[in-house]
Amino acid sequence: MGTLVEIRNLSKTYERGKQKVEVLHHIDLDIEEGDFVALMGPSGSGKTTLLNLIGGLDSPTDGSIAVAGERIETLGEDALAKWRASNVGFVFQFYNLLPMLSARKNVELPLLLTKLSAAERRRKASVALELVGLSDRAAHKPSELSGGQQQRVAIARAIVSDPTLLVCDEPTGDLDRQSAVDVLTLMQGLNREYGKTLVMVTHDPKAAEYAHHTLHLDKGTLVTEPEPAPA
Amino acid sequence: MKYLHLIWAALMRRKARTLFTLFSVLAAFLLFGLLDSVRSAFNTASSNVAGVDRLISVSKVSFALSLPKSLYARIQAVPGVTQVSYANWFGGIYQDQRNFFPSEAVADNFLDLYPEWELPEAQRQAFRHTRTGAVVGQSLAERFGWKIGDKIPLQATIFPQKGGSNTWTFDLVGIFRAKNPEQRGNENIFFFNWDYFDEARQFGNGNIGWYAERIADRTQTDKVAQAIDALSTESDHETKTQTEQSFTAALVSQFADIGLIVGAIMAAVFFTLILLTGNTMAQAVRERIPELAVMKTLGFTSKSVLGLLLAESVVLLAIGAAVGLVLAGGTVIGVRAKLGAAIPLSPVGGAIWLRGLALAAVIGLIVGVLPAVRGMRLRIVDALSGR
Chain S
1 MGTLVEIRNL
11 SKTYERGKQK
21 VEVLHHIDLD
31 IEEGDFVALM
41 GPSGSGKTTL
51 LNLIGGLDSP
61 TDGSIAVAGE
71 RIETLGEDAL
81 AKWRASNVGF
91 VFQFYNLLPM
101 LSARKNVELP
111 LLLTKLSAAE
121 RRRKASVALE
131 LVGLSDRAAH
141 KPSELSGGQQ
151 QRVAIARAIV
161 SDPTLLVCDE
171 PTGDLDRQSA
181 VDVLTLMQGL
191 NREYGKTLVM
201 VTHDPKAAEY
211 AHHTLHLDKG
221 TLVTEPEPAP
231 A
Chain W
1 MKYLHLIWAA
11 LMRRKARTLF
21 TLFSVLAAFL
31 LFGLLDSVRS
41 AFNTASSNVA
51 GVDRLISVSK
61 VSFALSLPKS
71 LYARIQAVPG
81 VTQVSYANWF
91 GGIYQDQRNF
101 FPSEAVADNF
111 LDLYPEWELP
121 EAQRQAFRHT
131 RTGAVVGQSL
141 AERFGWKIGD
151 KIPLQATIFP
161 QKGGSNTWTF
171 DLVGIFRAKN
181 PEQRGNENIF
191 FFNWDYFDEA
201 RQFGNGNIGW
211 YAERIADRTQ
221 TDKVAQAIDA
231 LSTESDHETK
241 TQTEQSFTAA
251 LVSQFADIGL
261 IVGAIMAAVF
271 FTLILLTGNT
281 MAQAVRERIP
291 ELAVMKTLGF
301 TSKSVLGLLL
311 AESVVLLAIG
321 AAVGLVLAGG
331 TVIGVRAKLG
341 AAIPLSPVGG
351 AIWLRGLALA
361 AVIGLIVGVL
371 PAVRGMRLRI
381 VDALSGR
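If you read the protein sequences in the order shown, they are chains S and W. Residue numbers for the first sequence, in the numbering used here: 1 to 231. Residue numbers for the second sequence, in the numbering used here: 1 to 387.
Just so you know, the hints here were simulated from the structure itself, not pulled from any lab data. Hints should not be assumed to be uniformly reliable.
The calculated DSS-like cross-link candidates involving lysine-lysine, where the alpha carbons are at most 30 Å apart (straight line), are [to be verified]:
no., chain 1, residue 1, chain 2, residue 2
1, S, K124, W, K303
2, W, K60, W, K162
3, W, K179, W, K147
4, W, K151, W, K162
5, S, K124, W, K2
6, S, K115, S, K141
7, W, K223, W, K60
8, S, K124, S, K82
9, W, K2, S, K141
10, W, K223, W, K240
11, W, K240, S, K141
12, S, K141, W, K179
13, W, K223, W, K69
14, W, K303, S, K82
15, S, K141, S, K124
16, W, K69, W, K240
17, W, K240, S, K115
18, W, K223, S, K82
19, S, K115, W, K303
20, W, K15, W, K2
For the chain W half of the interface with chain S, some residues (derived, Cβ under 10 Å), not all of them [stated by the list, open to error]:
no., residue
21, L6
22, L19
23, L22
24, T243
25, M295
26, T301
27, K303
28, G307
29, V381
30, L384
Here are the computed distance ranges between Cβ atoms for each label pair [said to hold, decoys possible]:
no., chain 1, residue 1, chain 2, residue 2, range
31, S, T74, W, L275, 40 to 48 Å
32, S, Y194, W, Q283, 40 to 48 Å
33, S, Y194, W, S302, 44 to 52 Å
34, S, D204, W, R13, 32 to 40 Å
35, W, F20, S, Y14, 23 to 31 Å
36, W, I319, S, K206, 46 to 54 Å
37, W, F20, S, D204, 39 to 47 Å
Note that the Cβ used here is the ideal one computed from N, Cα and C, for glycine as well.
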């Protein structure tokens, strides 16, 4: 398997009023296809910023990010949106499901951007919900689901368009221990059985144990060299 | 269409707020439907194509001033004039001040100039030969439940009888009907014999309110009108002759500029509606910023977010407008059934619907544009982190 994410000399600076805050300093990082990487570090270390940059939600101040060979920092806003739609799945700490839509409609959401028919969208959403073990909750609204179930719906939404890369920002941060184990097991399965590449930000060392290896960030710098990917 | 459920879900997010906003939109468009119906009715009255070959001659100084009857024969002799008749405003009241309707004393050939009104020949002859005879439009007859043979007393507001009585009693001998259903508004009128009126009235005998002329060639309107007016040039009863259409328009504008009044009321209503729905939309978008950020994260472009939010606002306005216009249509049917043509109302037809829905779309875009632009411009990372 080759390198999926190739980051070179990546820096990110935010302007807060007149003040400039450099969040990431000259990061170099490769993530192999099929890898499962945990990003850890104290608050304000730049984990989420790095994750957002890898997922194409933000643009770097300097440096380059190539995902599957595509230099995403060069893409315009619309092109980046289209790239995200077909290449990346997102999982957030607070699930971020649309409250008025059923679980199935939430999962179908990314497919609205494709040319699939309504029947095809529905079928794919059902398959994704089955994969996360929530077929029987398809018609339920988020408010009718537990936190763990909502996060599994969010994972179904993230994988429904079959992206190569999943970026997960503290996916277990709002869950009880058992739900967290369920979600992490599910994510591990997606990595092992379906070859998805996962990058996960977490504060929880137990969660990080599910990853192949862990990267530590501190004050915007990678403090641990990435371990070699398992053979 | 595949986004319709997203728009609907957004509208249903706060059901009570959406419902109250819908009520305001509905009320505004109910009012719009009714007022536009009134405006259309007045427009129809003043643009009645049936009258293009008729001229009306009135005093040049004021419609209220009379003209001498001696003009009758002279107008008849004007080349291009095929028929002449005359009439006088009476202004009677039936039973109660509120029961006002146009009432006119007319020459016995007056109805011959109006082929668009259907009056059976026997009733036409009865009108000619009954001194106290009167004919009324069907709508007016239905309004008061009159039937042929009834004696109808009218209270004079201008012309008392020679004996001092204000009560004029007429025998209803005919009921006419407008051939064109669109002109049923013109059936709200009461005609009676000019001879009876002229003989019995206390003053003004021998004078005419206005002359109506039919012309042979409608392309010669100006020429014939000038010839009629030339008959009384530099006299104390100079005339102003114009097409019936212009005359009616001028008469209506004497009451008020209906278009201006309707326009002013609607402008005030829609201005308030824009503020109200604009506030609702702004609030609705503000509280959905994280959700919009998620949609953008999933790959919705800024333009598609803009489109969805604008569509949301237009759909809200369109639903309210459609319900309001349906209610306006029902109200107009109800009022016309109950009061006939007492209140001039046109059916809420295609043109009013088209204007209403176009207005709803424009207002929808106006109230949606600012929140939609805000949604379009939001930065995903800021919105997701609550900044």
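Could you tell me which of the hints above the structure violates, numbers in ascending order? The structure conflicts with hints 11, 12, 17, 18, 22, 23, 24, 28, 33 and 35, although it agrees with all the remaining ones.
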